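From first to last, the protein sequence lines are chains A and B. Quick note on numbering: the first sequence equals residues 69 to 314 in this note's numbering. Quick note on numbering: the second sequence equals residues 69 to 314 in this note's numbering.
Since the hints were derived computationally from the structure, they do not count as laboratory data. Please read all numbers here as calculations on a predicted model, not as lab measurements. It is possible that some hints are incorrect.
To be verified - Mimicking DSS-like on lysine-lysine, the simulated pairs with C-alpha atoms at most 25 angstroms apart in a straight line are:
#1 K202/A to K127/B
#2 K195/B to K127/A
#3 K195/A to K195/B
#4 K233/B to K219/B
#5 K195/A to K127/B
#6 K73/B to K84/B
#7 K73/A to K84/A
#8 K127/A to K202/B
#9 K229/B to K84/A
#10 K84/B to K229/B
#11 K195/A to K219/B
There are 2 protein chains.
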Amino acid sequence: MKNYKFILCYDGTRYKGWEHQPGIDNTIQGKMEYHLAQMTGGEIEVLGAGRTDAGVHAKGMVCNARFDTALTPEEITGYMNEHLPEDICVLETRIASDRFHARYNAVGKTYCYTCYVGLGKPVFNRKYVLTLEKRPDVEAMRKAAGYLVGKHDYRSFCGNKHMTKSTVRIVDSIEISERNGYINLTYHGTGFLQHMVRIMTGTLLEVGAGDRDPESIPELIEACDRSLAGFTAPARGLCLISVDYD
Amino acid sequence: MKNYKFILCYDGTRYKGWEHQPGIDNTIQGKMEYHLAQMTGGEIEVLGAGRTDAGVHAKGMVCNARFDTALTPEEITGYMNEHLPEDICVLETRIASDRFHARYNAVGKTYCYTCYVGLGKPVFNRKYVLTLEKRPDVEAMRKAAGYLVGKHDYRSFCGNKHMTKSTVRIVDSIEISERNGYINLTYHGTGFLQHMVRIMTGTLLEVGAGDRDPESIPELIEACDRSLAGFTAPARGLCLISVDYD
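With the rest of the complex left out, here is chain A (with noise of 0.2 angstroms):
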């Protein structure tokens, strides 16, 4: 059997996330598996690189899948695209050498979550953003991000409570620009604990909204306690952009 590596991109806001779940159809793992295995005629597993949330959306988001077909990657990528949902869409098929696995292979990843706080509302990305009511202290937020990014222990910041494995993580850059009233907030880092980025990003905007101290950072860091941090921002302004690979 071949193993095939996907690019996947998808509009999350109508699936309960990406992970397939027993009794729960609409997943973008379970239309995976779905059209893969209505391809080949057989069952099929499909190994994400890391979990959606429910309503996360996805540009670039991998997996893998092992099968056996007459088709090529293109002719793939163009039945994958014909049959699945017009909010899921393959970008690339490829053939991954054997020992290809999307999450454990993975080295990197880069999440945006984008706000709005321009004029009136945001009709057509109403979907894909948070609306603000104020404008947000940019600066303010750029510099709080300073203090979260390195290697941390960010037990404050993972939405498990019952995290049993390491909650230490790298997170290389945070950047927040500002264009045309949107406000992205880029992650990168080489993985993220569940809600990670969520609640970062709530307690950014917490911080630009003059509610908590830019300084108070590292301090919430330090105590690794999910009740000290910000909101979880919503699921709907977040979206997975790329996973790197060596």
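With chain A fixed as given, assemble chain B onto it according to the hints.
Same frame as chain A, but now just chain B:
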């Protein structure tokens, strides 16, 4: 009573078009009238610059309405954006001269029709574009568009078979641009007949697909026969960009 001019944008996907109709409450005009009535406590008639079809979008629709209120124009904008659904937005409210009429005073309109021929599927813009199977011959489309421009009887491009009034209009320009897999057809004219932009777009796409010769356009205009023109391109790709006033 003061006469207020509004500029609106909306995602037309889930509406039955601009114009209110008896027994149908999901029209843009109906939503505007309802919320202005709630705001002022009286019945209000909203006059639009034109009637967008069901499913057509707008980034710069103009309308006007007469009423009394203690609110400032900025406060009216704020009230409306808070109460209107998230797919309709008031971009601007201002006090207009008492004689201003959004339709009678309009001297020009710009519409944009968007097609997609890029990689995969336009997941995030899927409700605002027509996806084409094959890249059209844009140069042939531009040539055909050149013949469509001018002052003509556009009866061949009129969706209303029972149109008794003049079907003569002036189309100043049709520009076709291509970027990142998107093809935009931008129309500017003094006014457009029912479905006219969509039928011109369908005709140009047939030229682009090689099914129709650019040189056949003058004859098609001459014929004044709707059945000889191209298909009516779907509403989803069309957007009213702006309305001009002196």
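Going down the list of hints, with the structure as the test:
no.	hint	verdict
1	K202/A to K127/B	holds (23 angstroms)
2	K195/B to K127/A	holds (17 angstroms)
3	K195/A to K195/B	holds (12 angstroms)
4	K233/B to K219/B	holds (16 angstroms)
5	K195/A to K127/B	holds (17 angstroms)
6	K73/B to K84/B	holds (23 angstroms)
7	K73/A to K84/A	holds (23 angstroms)
8	K127/A to K202/B	holds (23 angstroms)
9	K229/B to K84/A	violated (47 angstroms)
10	K84/B to K229/B	holds (20 angstroms)
11	K195/A to K219/B	violated (42 angstroms)
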